[in-house]
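Student: Its first residue numbered 102, the sequence shown is counted upward by one per residue in this note's numbering.
Honestly, I wouldn't trust all of these hints.
Capping the alpha-carbon separation at 27 Å, the derived lysine-lysine pairs in DSS-like fashion look like this [as the list claims (entries may be wrong)]:
hint: 1; residue 1: LYS151; residue 2: LYS112
hint: 2; residue 1: LYS388; residue 2: LYS336
hint: 3; residue 1: LYS322; residue 2: LYS364
hint: 4; residue 1: LYS106; residue 2: LYS322
hint: 5; residue 1: LYS106; residue 2: LYS336
hint: 6; residue 1: LYS336; residue 2: LYS364
Restraint ranges, calculated between C-beta atoms of paired labels, are given here [what the hints assert, rightly or not]:
hint: 7; residue 1: GLU291; residue 2: THR201; range: 25 to 35 Å
hint: 8; residue 1: GLN351; residue 2: LYS179; range: 42 to 52 Å
hint: 9; residue 1: GLN104; residue 2: GLU173; range: 25 to 35 Å
hint: 10; residue 1: LYS106; residue 2: GLU350; range: 35 to 45 Å
hint: 11; residue 1: ASP377; residue 2: PRO279; range: 18 to 28 Å
Think of the hints as simulated: they come from the structure by calculation, not from any bench. Only a predicted model underlies this, so the values are computations on that prediction, with no experimental measurement involved. Heads up, the beta-carbon is just placed ideally off N, CA and C, and yes, glycines get one too.
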Amino acid sequence: MLQTKRLVPSKGCDFHLLLTPEKSVIFDTGMFHCADETVRAIQSELGDRKPDFVLLTHTHYDHIGGIPAIREAFPGIKVYASEYAAYVLQRPGARRVMRTLAQEAADAYLGDDTFTLSYDDDLLYADEVIREGDEIDLGSRRLRVYETPGHTNCSLTFFEPEDKILLLSESCGVYVDPTWIDVSILTGYEQTMQSIERCRSLGAETLIAPHYGTIAEPSVKEYFDLAVSSAEAFKDIVLDGWARGDTDEQVMQTCREQIWMTKVVGYEDQPVAAFDANTAAFLAVLKKEFAV
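Generate the whole structure from the sequences, applying the supplied hints.
Tutor: Spelled out as structure tokens, the structure:
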């Protein structure tokens, strides 16, 4: 059986371990500012056992931040990611943006603007590219790879068919509470909806939701229903604002008030700056797809 364990070594930082009798896998790696805590959490959980490889869902800074420290702690460990993710990780411009966002996150979570991140950019790379249709060997279990764009162009989802466990990308959102899933749409609205429906069609009995953890039947159907309705509600708030003649900044403020302050604020691991950045990207997506 595939076991999954969510670890939260520090505020704003979480990741999963995937365990079979034969393999142990680090599933995403958390943030840069808590990378040392991430390594200690892995060592504490695994004991003398060494992780076999790292599996990435996408390249946002809160998912890749532990890579440099993990490479240093576990020499020779390989990182598996999508082809586009491998490209992004090598781009100097992307690395600069990651460092800026990671430093802002560190300031927000640590409450200490004197803390400076220290890591080697050259350790941010993928060793192995994985694509749609690939299968990842976990010994007694295998993960099927699905490309699920919408949150990013590099988002991957993984399905273990024997135990019917689906490891979601953020294209299916981040669960907040029974009334809201934060579906952060940065590259395509229709892409996101297609990714949600594709994941729904796989027949999973257990979901591993990003930044949350395990969701099991009978909540699986409800999860996908809520992801769709939450994305539609967010879209309608934006489109209704534009229909009233609101400026982009006025629409952004409405989104802060109706979503971040009333819904996402309970999910304390998203600073308002991150919400604003994601919302600005969402507005750009809607302008393109709905010809606003």
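Student: Could you tell me which of the hints above the structure violates, numbers in ascending order?
Tutor: Of the numbered hints given earlier, the structure breaks just one, which is hint 5.
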